[in-house]
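Chains as they are written, first to last, in the numbering used here: chain A, 1 to 99; chain B, 1 to 492; chain C, 1 to 492.
The hints are simulated quantities; they were obtained by calculation from the structure and are not laboratory data.
Remember, it's a predicted structure, so these values are computed and weren't measured experimentally.
Beta carbons: idealized from backbone N, C-alpha and C, even for Gly.
A hint or two may mislead.
[Unchecked claim] Short derived list, chain C residues pointing at chain A, Cβ under 10 Å:
#	residue
1	122
2	125
3	280
4	362
5	368
6	372
7	394
8	395
9	459
10	460
[What the hints assert, rightly or not] In silico negatives: residues of chain C with every beta carbon more than 12 Å from chain A:
#	residue
11	79
12	123
13	124
14	210
15	217
16	311
17	317
18	390
19	417
20	432
[What the hints assert, rightly or not] Just the calculated beta-carbon pair ranges, DEER-fashion:
#	chain 1	residue 1	chain 2	residue 2	range
21	A	30	C	8	38 to 48 Å
22	B	143	C	405	46 to 56 Å
23	C	217	B	97	55 to 65 Å
Listed below, chain by chain, are the residues.
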Amino acid sequence: DAEETATPQDRVFAPPRVRRMAREEGIDLLSLEGSGPGGRITAADVQAAASGGPVGGGTQRQESTETAAESAATTGDSSETGAAAVETEGRTEPGSGAE
Amino acid sequence: MVVGDVTTGTDVLIIGAGPAGYVAAIRAGQLDLDVTLVEKEAYGGTCLNHGCIPSKALITATDVAHDARNAEEMGIHADPAIDLAGMVDWKDGVVDQLTSGVEKLCKANQVNLLEGTATFTDEHTARVSHSGEGQGSETLEFEHAVIATGSRPIEIPNFEFGDEPVLNSRQALALDSVPDSLVVVGAGYIGMELASVFAKLGTDVTVIEMLDSILPGYDDDLKRPVKQRANDLGIEFEFGYTASEWHERADGEGITVAADPIEETAADGGSAEAVEGETGESLELDAEKVLVAVGREPVSDTLDLESAGVETNDRGFIETDSRARTNVDHVFAVGDVAGEPMLAHKGSAEGQVAAEVIAGEPAAIDYQAMPAVVFTDPEIATVGMTESEAEENGFETVVGQFPFRASGRALTTGESDGFVKVVAEESDGYVLGASIVGPEASELIAELGLAIELGATLEDVASTVHAHPTLSESVMEAAENALGHAIHTLNR
Amino acid sequence: MVVGDVTTGTDVLIIGAGPAGYVAAIRAGQLDLDVTLVEKEAYGGTCLNHGCIPSKALITATDVAHDARNAEEMGIHADPAIDLAGMVDWKDGVVDQLTSGVEKLCKANQVNLLEGTATFTDEHTARVSHSGEGQGSETLEFEHAVIATGSRPIEIPNFEFGDEPVLNSRQALALDSVPDSLVVVGAGYIGMELASVFAKLGTDVTVIEMLDSILPGYDDDLKRPVKQRANDLGIEFEFGYTASEWHERADGEGITVAADPIEETAADGGSAEAVEGETGESLELDAEKVLVAVGREPVSDTLDLESAGVETNDRGFIETDSRARTNVDHVFAVGDVAGEPMLAHKGSAEGQVAAEVIAGEPAAIDYQAMPAVVFTDPEIATVGMTESEAEENGFETVVGQFPFRASGRALTTGESDGFVKVVAEESDGYVLGASIVGPEASELIAELGLAIELGATLEDVASTVHAHPTLSESVMEAAENALGHAIHTLNR
Ligand SMILES: Cc1cc2nc3c(=O)[nH]c(=O)nc-3n(C[C@H](O)[C@H](O)[C@H](O)COP(=O)(O)OP(=O)(O)OC[C@H]3O[C@@H](n4cnc5c(N)ncnc54)[C@H](O)[C@@H]3O)c2cc1C
Ligand SMILES: Cc1cc2nc3c(=O)[nH]c(=O)nc-3n(C[C@H](O)[C@H](O)[C@H](O)COP(=O)(O)OP(=O)(O)OC[C@H]3O[C@@H](n4cnc5c(N)ncnc54)[C@H](O)[C@@H]3O)c2cc1C
């Protein structure tokens, strides 16, 4: 379904998470053929390119430093005490500091 | 005009011109189907005439006055006078503009409009009776039918909507003078929206609710700012009570509404208000009017559905599949009559699907997320799953939150109660749901609905640049918070 | 406090605590870098102290009064009195709350805060001089520096900001009494936002603009509702003129601002106002004050940039690459000083990238779309490409539009001027850009920004269910219109 009136060559249609993955992997998104709707580049396309072949289970995805933070946030937020913690932290937010 | 009994044929017969039916009709017209839309009362249905639109018009208008009256902190001193008759005229003008718009859009899309009440006579014919004087009825043969007859307010024993001081939401929205006092039965979204409107008009409002809190079904943290604001407006609550009857007062100065405590609630002490020294005792509330807003029921019993072979479930809803089809293949049902959530946009979405399926398109109801909004003060909006729903569905979740009191934009509007909460799948960060309570919650939820539909992750939302200063930055910050790197609130 | 000359070291030196600098600092702190943030004046920079926040606070507050005063149609009769001193106090309270929040957030993220003015002494050191009495200066050694010194208002000949009746935006936002009359020089977004504020406060406002329309750079259809509303507010415009000088009036009753016609405009008859029988003649406008809002210029000349070897372009901006790096590898520049668009969220986004790059992350400025908002009445918001930009970029485009007068929600708020416009790539339907003028444009643009970032298509936006009744439905309808099947407006 790629037509002649294809999109200008320097525009990539891919979500931010995929763009970051490509940067992490050192892959130029312009060199990829998107497999998503309308040719959108997906995470799987980047993974495939990174591993030089078709995609596997998708579990090899590199997480940056966020992984640790994510799990910390989960343990904190999934319980009642998590909610209480959010309240407490509120004291250092802008907007809550006015006397 | 058709007088007497004539038989005409149509590809698609649509019964009911509310947001489900008229949208189905317009879409079917766009798809070059021959469509007849039958409406017995008013184009636009409940939503445009007696629901969404008039309620939101009065909410906004009373807010303009309320905001000005309460802006002393901002250096504004105003004592607005409200002329309810004038306000209702304005609201009626808005309604007229929209309903006549619907009529025009139907015509422009080649929809045949027919005024009358439709009943099925068999699987492929319906009778339409015209109510006007000298108007008879006619028979319509159809290839496909779309039932979009909507819902009506539920009556409770001893409170008949015909009796003068007893109001349903439709009648409450049409009052042209402000009652001194009002009892609202039911603290669902309609009851709560109207309770705020009247409180802002200066009415003394008391809400009676069977359960032990407002807005059943919503998470406590979402309700809290709404309950607080309602208290600030002077709205009184009687939780754990059910309205039993009303009578004119002996002094002729209004009515008394009696309410009985709910056994369970009183027994387990669930509601502080209900037990406080008067367990088991009935309440007597004096008021000028009583608004009954305890829910809505499908209009499926006045259609002779049996003649067409269409079945309903035990609550009267017509069950449908993902193509909006009933148990009868060529008959579809959309909107409130087809089940929960009874919301206008859900009906419109189903209406589009029905029209497209009839036209042979591969349409289906496969939304990942259906938004819902409560236009209280502040607004509540939700889309997708709550944290506990996500967990029940087997997801490991991560949650991010951002309080509006940390939003620059919220502070500049003087409205900073509430928060944005985003629920995502932990490992890949896919956004599963969101809930917002606070300023413009109804608008802010749209971005998160799109995020869910597109399979966006927290990172996608967090790394999209949001304009400053806007409330929408709070959506981004909630996503960043879930990722552990919000800028304007602390993480962990 | 440090007195005398001491040398300390820091991983990351950030100069300037505006939305670019403080966000870089917080993010760097989150990434466990050792950060020092130097600010010479006030945490939060221009944006929080003299820009975005105070302007939006006054816009919202004056709107509350204006809306109430003009709600007779809705049945509301009010004659609000505005106490500008009180309003400014409130606004200052909002600013204080936010700036002290920034300070706390920096500390909570282990950012070392240093008050003083920084100048480079060589590629790896800077001197910070403290302005307080008895305060000396100190030398800081850094591994990386982030320049976030922002911008300042441009002065024009004969209008010095120190002179009492001549105001820049900062001074205008701090006035505590309402001027009877005001000349605004420049019809860019800052001039237009403040012109509306003062008109709503009751000031007679005249805007002088060199070009032949307001808001240069925006499409005519977006400007039209804003110009119309400005006219309705009684704002007068003199297009094709440039302010030449001002003098006190002989009667001591204020000043006279003189303006000369722009040659070209007068010559080609570009501006009706400018040519009408007085081509080539100067204007004399009497007023109490004059606000000069002709643009902003980077603060890059007070930093001894040469000592660090950092170059600027001929407009004084520091040019950077997609990692926010200057020509010197370990020195970054973010925010207004790093170039257009000079918007807070652009600076914050660059600040985050700079911090992440310094921490070794593969961050880059690779946003597909940067939103921009003008908080006029009504608001204008844009994101991504306009139709003509898309065509210049080689796209075949399809455009969809939805007017707010067809939006139920817009009608219920009494604000239905304007429209949503979506520009998409024709063959696959990718959303490329959007522009909105009308109610809550600033919030509605967020969904379209996300759509562009995600590579969403028109169909994605159109088939996402949007809550009814909301303004966000207009976004969906504009997408449907581009696809040829909008429900609530006619499709071509
Ligand atoms: C006070 C109030 C506020 C609300 N606010 C909101 C809100 O903010 N957002 C939201 O999403 N929803 C809101 N709702 C709910 C919303 O109004 C309904 O979900 C929506 O109207 C359902 O649309 P529908 O087309 O299914 O039915 P309806 O709108 O009820 O329309 C059905 C139509 O069918 C006609 N009809 C019925 N039987 C026949 C027959 N036999 N022959 C011919 N015509 C027939 C009726 O006259 C009616 O016009 C509100 C409801 C109320 C009461
Ligand atoms: C009236 C007005 C309204 C605006 N409205 C909006 C809006 O609605 N939305 C929007 O996006 N943008 C708006 N802007 C623009 C916005 O304010 C700027 O884009 C933003 O402030 C730029 O951020 P920055 O961090 O780059 O610089 P700034 O905010 O200018 O901060 C720079 C900081 O650096 C400090 N500094 C400078 N030199 C030194 C030095 N040598 N040593 C130590 N400190 C130093 C300054 O004191 C200042 O605090 C508005 C601007 C104005 C004037």
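Taking the hints in turn, this is what the structure says about them:
1. 122: At about 32 Å, which exceeds the 10 Å cut-off, the nearest Cβ of chain A leaves the hint on residue 122 of chain C violated.
2. 125: At 30 Å from the nearest chain A Cβ, residue 125 of chain C fails the 10 Å test, so the hint is violated.
3. 280: 46 Å, violated
4. 362: 4 Å, holds
5. 368: With Cβ-Cβ at 8 Å, under 10 Å, it holds.
6. 372: Violated, about 19 Å.
7. 394: 4 Å, holds
8. 395: For residue 395 of chain C, the interface hint holds, since the closest Cβ of chain A sits about 6 Å away, which is under 10 Å.
9. 459: Since chain A brings a Cβ to about 8 Å from residue 459 of chain C, closer than 10 Å, the hint holds.
10. 460: 8 Å, holds
11. 79: Label holds. Min Cβ-Cβ 31 Å, cutoff 12 Å.
12. 123: Given that every Cβ of chain A is farther than 12 Å from that of residue 123 of chain C, nearest at about 28 Å, it holds.
13. 124: Non-interface label stands for residue 124 of chain C: nearest chain A Cβ at 27 Å, farther than 12 Å.
14. 210: 34 Å, holds
15. 217: 22 Å, holds
16. 311: 26 Å, holds
17. 317: Nearest chain A Cβ is 23 Å from residue 317 of chain C, so the label holds.
18. 390: Label violated. Min Cβ-Cβ 9 Å, cutoff 12 Å.
19. 417: Holds, since 32 Å exceeds 12 Å.
20. 432: Nearest chain A Cβ is 8 Å from residue 432 of chain C, so the label is violated.
21. A:30 - C:8: 38 to 48 Å: 45 Å, holds
22. B:143 - C:405: 46 to 56 Å: This hint is violated: roughly 36 Å between Cβ atoms.
23. C:217 - B:97: 55 to 65 Å: 34 Å, violated
Violated hints, listed in ascending order, are 1, 2, 3, 6, 18, 20, 22, 23; each of the other numbered hints is respected by the structure.
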